[in-house]
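A.B. asks: Listed below are the residues making up each chain.
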Amino acid sequence: MILSPDFGLLGAAKYTRQPLTANRGPSIFEIPEIVHKILSYVDIQNTVIPQEETPIRRQPLNYKHALLIHGDSKKAEQSLETTDLDSSKNFTTSKNPLFNCLLVNKLFYKAASEIISQNFYFSKQESFGKYLHTIDRAHTVQFQPKSFVLHKLFHAKQPCLDRIQMTRMNFQKLKWLELYMCPKLLPPIRFIFESSQTLEKLVITGSKVLDNDFLVTLGRNCRNLQHLDIRACEQISDFGIYQLSMYCHKLRLINLGRKNKGNSITDASIIPLVKRNPRLSTIGLAGCHISDASIFEMARHCRRLERLSLNNCPNISDSSISTVFNSHASYFPLLSVLELRFNYQLTDWKGVIEFKRRQESKNMIMLVEVCEQLMSRMRQQEMAMDQMVSQRIFSDISVWVNSHSEDEEQESSYLELVRRKRASDV
Amino acid sequence: MPDIEDDNQDQNNQVALKIGLIGDSQIGKTSLMVKYVEGSFDEDYIQTLGVNFMDKKIQIRNTTITFSIWDLGGQKEFINMLPLVSNDAVAILFMFDLTRKSTLNSIKEWYRQARGFNKTAIPFLVGTKYDQFIDLSFQDQLEITQQAKKFGSAMKAPVVFCSTSHSINVQKIFKIILSKAFDLKLNLDEITNVGEPILIFK
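Sequences listed follow chains A and B, in order. Using full-length UniProt numbering, you'd call the opening residue of the first sequence number 1 and step up by one each time. Using full-length UniProt numbering, you'd call the opening residue of the second sequence number 1 and step up by one each time.
If you are wondering where the hints come from, they were derived from the structure by calculation, not from laboratory data. No residue lacks a Cβ here, since even glycine has one placed at the ideal position from N, Cα and C. Any given hint could be a false lead.
[Claimed, not checked] Partial chain A-side listing against chain B, Cβ under 8 Å, derived:
1) Ser-27
2) Phe-29
3) Glu-30
4) Ile-31
5) Ile-34
6) Ile-38
7) Met-181
8) Lys-184
9) Phe-394
10) Val-399
11) Val-401
12) Val-418
13) Arg-419
14) Ser-424
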């Protein structure tokens, strides 16, 4: 078969409908394995599951803050602008050519629907509603999804999910369950039971209905969980986390950040959690009322920690922050993001500054996110430290230039040279 | 300015200074560099093709000073590599042969060229082969010394006469560089009399 330059997947349909000459053998588009491979690539290249983008840096709080971070006014303005654009980014899923593949022929239909059914995702109320209408009809795609993602369906109500539960969709292959900012939705327990062996990633953020009971069931069933992001789920408290920590020991990411009800997450659950999850690489505890004790336990147990968010944790103090990061300790060898915004109670930044420099001297990128007031506090201490270093260098050099070092003793005096010259002249 | 970086892990401070050596051929630029870095002196002449480069590290208590010494071949055809040697240098040593007046006269042109690339480097005027210089007649010594002093004050540069083979004033050059770069007080007497190994730096 000759590939014309404008050869597209719809073009393929034209070819396969034509009778094939016998001596050529079957076209590659008739071999199921190859069609499956091709469509898998279409999937990889085009399917974008709606997901919150990981910010490279947090947006500065105000212009002055941006100025402190970036140094010059132009960059500061830019940093305030670009982040605005990112958050307004929309997901377009309707143009995915994988859907066109359904229309090519029976084989393509089978392969494409198999691939499509691996990922179940909606980010628009409207299209989710349309799906729910077709759900009862016999010919809808039979889902056995690896991922189940609902993104920002603020108004979706629980009956929607219950209805999906009634379909023939099954969750035995589910690895990733995400309800991102769908405040009124709680995954039916069937989801959890069926995916108990496979579920690795659970993201339920900003949920008003997620509660401790769910976490307990989750922990008891899904012991392979690695990624648990339950930010701004304010019904969750120490009890649920503690129960979960009894069963889940493979966690790599945990995020419990919140704005309200911070006092319901404390050392009581965080200490057992970090003790039993040495593989944690990301911990988010923004707004939680943990104390220094949790920080010390993290330092002892989480050697693989890369990102730690402690924004707005009113009960942590200098006593942990200045000691676990100081130059004599060697905790958190892999840490590269540390967030400490709004912790105005912290006054001693020497340890953090030393830690940042130590990581950077190992060629790691070390980002310390703080708010405006803390940043200027940190800068002041940084300058004072630099000044001390400079003074030390100056005094060291001053001693050397004015000392008679060993090298210098070899320097012969010119008088000696002249004496020797004269002796040889005679 | 010298780069200062602080490595807290072993409480060691690093200071790096780049120094350029410039002047006519066969003056002893490479010899001076090798003598300072390795402590050895070789009578044989090996022409420098292009640029030579050596590092000398000095450990003083908690501070490590690294002199990065760059030496440019004296032949005219290597002048296009002058920026390599003079850019970012903290000090540039303009060197001449105390026994050849013509090499002192070339300094003017070397200075003009190097200044074009680096206006902040501290200039030094360094006369080499002092051990042979003292064999010249007093008149010649007087003439060269006076001329060097005149150049030195015009360039606002310290003037040093040295002998690489006899280890005279070699170490002192680098101590003066440091004291100038960091504006430190240096407890060292100047030597200004004709016939003596000149050391003017104040």
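A.B. asks: Work down the list of hints and note, for each, if the structure agrees.
C.D. replies: Now the hints, each set against the structure:
1. Ser-27: It is violated, given that the least Cβ distance between A:Ser-27 and chain B is near 62 Å, above 8 Å.
2. Phe-29: violated (61 Å)
3. Glu-30: violated (64 Å)
4. Ile-31: violated (59 Å)
5. Ile-34: violated (56 Å)
6. Ile-38: Not OK, violated: A:Ile-38 not within 8 Å of chain B, min 53 Å.
7. Met-181: violated (42 Å)
8. Lys-184: violated (51 Å)
9. Phe-394: Since the shortest Cβ distance to chain B is 6 Å, the answer is holds.
10. Val-399: Since chain B brings a Cβ to about 7 Å from A:Val-399, closer than 8 Å, the hint holds.
11. Val-401: Holds, because the Cβ-Cβ distance from A:Val-401 to chain B comes to roughly 4 Å (cut-off 8 Å).
12. Val-418: holds (6 Å)
13. Arg-419: violated (11 Å)
14. Ser-424: violated (11 Å)
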